[in-house]
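> Line by line, the protein sequences give chains A and B.
Residue numbering for the first sequence follows the working numbering, beginning at 923 and increasing consecutively.
Residue numbering for the second sequence follows the working numbering, beginning at 793 and increasing consecutively.
Hint data in this document are derived by calculation from the structure and do not stem from the laboratory.
It cannot be assumed that every hint is accurate.
Some chain A residues flagged as far from chain B (calculated, every beta-carbon gap over 10 Å) [what the hints assert, rightly or not]:
hint, residue
1, Q927
2, S929
3, G956
4, H963
5, V969
6, A1019
7, N1023
8, N1042
9, E1053
10, T1064
11, N1071
12, T1097
Partial pick of chain B residues on the chain A-facing surface, computed with a CB cut under 8 Å [said to hold, decoys possible]:
hint, residue
13, F829
14, L830
15, D832
16, V834
17, W1095
18, W1098
19, I1100
20, H1110
21, K1114
Virtual Cβ for every residue (Gly too), placed ideally from N, Cα, C.
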Amino acid sequence: MSVQQISLSGRKIEVSNKEMTFLERIYVWTILKGLWTTLKHLFRRKVTIKYPEEVREMSPVARLQHMLMRDEEGKERCTACGLCALSCPAEAITMKAAERNADEKHLYREEKYAEIYEINMLRCIFCGLCEEACPKEAIYLTKSKKIVNSGYEREDFIYGKDKLVMPLDMAIKNTQTNTVN
Amino acid sequence: MDSVFIIEKSVIIFVVFALTMLMAMYSTWAERKVAAFLQDRVGPNRAGWGGLLQPLADGAKLFTKEEFFPNTPNRFLFILGPAIAMSTALITSAVIPWGDKIHVFGRDVLLQATDIDVSILYVFGVLSIGVYGIMIGAWASNNKYSLMSAVRASSQMISYEVAMGLAMISILMMSGSLSLKDITVMQANEGWNIFYQPLAFLIFLICSFAETNRTPFDLAECESELIGGYHTEYSSMKMGFYLFAEYANMFISSTILSVVFLGGYHFPGMAWVNENWGINIGALLGFLTLFAKICFFIFFYMWVRWTIPRFRYDQLMHLGWKILIPLAVINIIITGIVMVLFN
């Protein structure tokens, strides 16, 4: 078999400039064939997703709004090491570290924690490099399942810890399911 | 002429007018629905059940839009254009026989606004005035795309009217009358014309596509080449009138196709129904039959729109002058020979 005849997709069609037959030239028959094709589409299943009522399912690995995780005891995992900010190609992440007090042991996992942790969602390109860089498994883009909302002010897109940290009830639920197992 | 006669005719005219408008309105809905279904979509489904209130919403939108006038010296003609298009689309329905006689209030009422002897000539005459609506409006728009559209529309109409008229002549040779009523009655007695004159039917069908400016002959308003064609400069309800006129024209030409070739209000077993169930039921069934035929043709217009791509201008002229007209002439000759040999 020569190279010209190989069809990798299996759908290669040879184009030819052959003379049309009489049936093709009178055009009516070919129109009828076309009408039959379109008529079949009339009864086909529709592909439309009726959006507000039906929502297309997100991929389980879709990278959406970030979430700062808590561990199974509900403590924040982030230690403000700054590797995510360093790895971020869009320079969207900024943070300020602070030392944990003795009475905050139930809040933060290690002695150092992020006092301020901000992501500028307008800069973020949702590449997921922060997730890869994080040594503490503290930041994930796949957990929140939330799309970053639109807004009117640039300032509204700088998300602080109030929006990023995993909600407590979600942490509680995680812990419960883990202990049951 | 008594006053009851005037009332009777007024009622019929009013009903036909309302029906034409309603059909034109819901053709816009059907067009979008059919287009969507043929493309595996669902089409308008928000306004009302299945989007049935969509035409009302569209109408309300068109009414409330800003009236825009281009910088044209022909303001009168600019308004006259859509007016002509709309009125010619509406007055064609006067000669259509919508059904046989009905018997109400002790009178025989003919379900037809007027039964003139030259119905077909009248229809052809009004149809050819219809192109003036496009030409005048486009010329007054002072826009080169509109003008090109008008040139295309008029040459297309003139070319295809010839073939249309010639196709009709073979029908007239068989019926011996220009009245649509007589043609319907003849078909009721002898069988539908489509079986005797399939070639004439095909030519007439193709020409109706051209006359109503529908795809594949929508060169007058092809969006991809001429923006919107003749209604580029129009907005608000004047635009609405053009669009409405197009759909009213579609309705009327479907009606004429049904009346001339598919036996109009005739359905198999009509005589039996008239005898046993009374002529009122027969006329009602006849009207519904005609309506079903019309709806089929309207659907067919939309169906073809999403099947066949637009013709090129030279292909259009080639088809009109070099194929359809000779075929129509040949058809006349064959009809004549057959009539001489077998009668």
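> The structure should be examined with respect to each hint, and the outcome stated for every one.
Evaluated hints:
Every C-beta of chain B lies more than 10 Å from that of Q927/A, the closest at about 31 Å, which supports listing it as non-interface. Remark: the non-interface label on S929/A is consistent with the geometry, its nearest Cβ contact in chain B lying 27 Å away (cut-off 10 Å). A beta-carbon of chain B is positioned within 10 Å of the beta-carbon of G956/A; the least distance is around 5 Å. The non-interface label for H963/A is inconsistent with chain B: the shortest C-beta to C-beta separation is roughly 5 Å, within 10 Å.
A Cβ of chain B approaches the Cβ of V969/A within 10 Å, the least distance being about 5 Å, so the stated non-interface status is violated. For A1019/A, the requirement that its beta carbon stay farther than 10 Å from each beta carbon of chain B is met, with the minimum near 52 Å. The Cβ of N1023/A sits about 57 Å from the closest Cβ of chain B, beyond the 10 Å cut-off, so the non-interface label holds. For N1042/A, the requirement that its beta carbon stay farther than 10 Å from each beta carbon of chain B is met, with the minimum near 37 Å.
Every CB of chain B lies more than 10 Å from the CB of E1053/A, the least distance being 38 Å, so the non-interface label holds. Once the 10 Å rule is applied to beta carbons, T1064/A is consistent with being away from chain B; the minimum gap is 32 Å. Consistency note on N1071/A: stated as away from chain B, and its beta-carbon is indeed over 10 Å from all of that chain's, at 24 Å minimum. With a cut of 10 Å on Cβ distances, T1097/A stays outside the contact zone with chain B, its closest approach being about 44 Å.
Interface hint at F829/B: satisfied, since its Cβ lies 5 Å from the closest Cβ of chain A, which is below the 8 Å cut-off. Taking 8 Å as the C-beta contact cut-off toward chain A, the hint placing L830/B at the interface holds, the least distance being around 5 Å. For D832/B, the interface hint holds, the least distance from its beta-carbon to any beta-carbon of chain A being 5 Å, beneath 8 Å. A distance limit of 8 Å between C-beta atoms decides the matter here; for V834/B the minimum to chain A is near 5 Å, and the interface restraint holds.
This hint holds: W1095/B has a C-beta 6 Å from the nearest C-beta of chain A, less than the 8 Å allowed. The beta carbon of W1098/B comes within 6 Å of a beta carbon in chain A, closer than 8 Å, and the hint placing it at the interface holds. Residue-level restraint check for I1100/B holds (minimum Cβ-Cβ distance to chain A is 6 Å; threshold 8 Å). The beta carbon of H1110/B comes no nearer than 12 Å to any beta carbon in chain A, farther than 8 Å, and the hint placing it at the interface is violated.
Checking K1114/B against chain A by beta carbon gives a least distance of about 13 Å; that is not within 8 Å, so the hint is violated.
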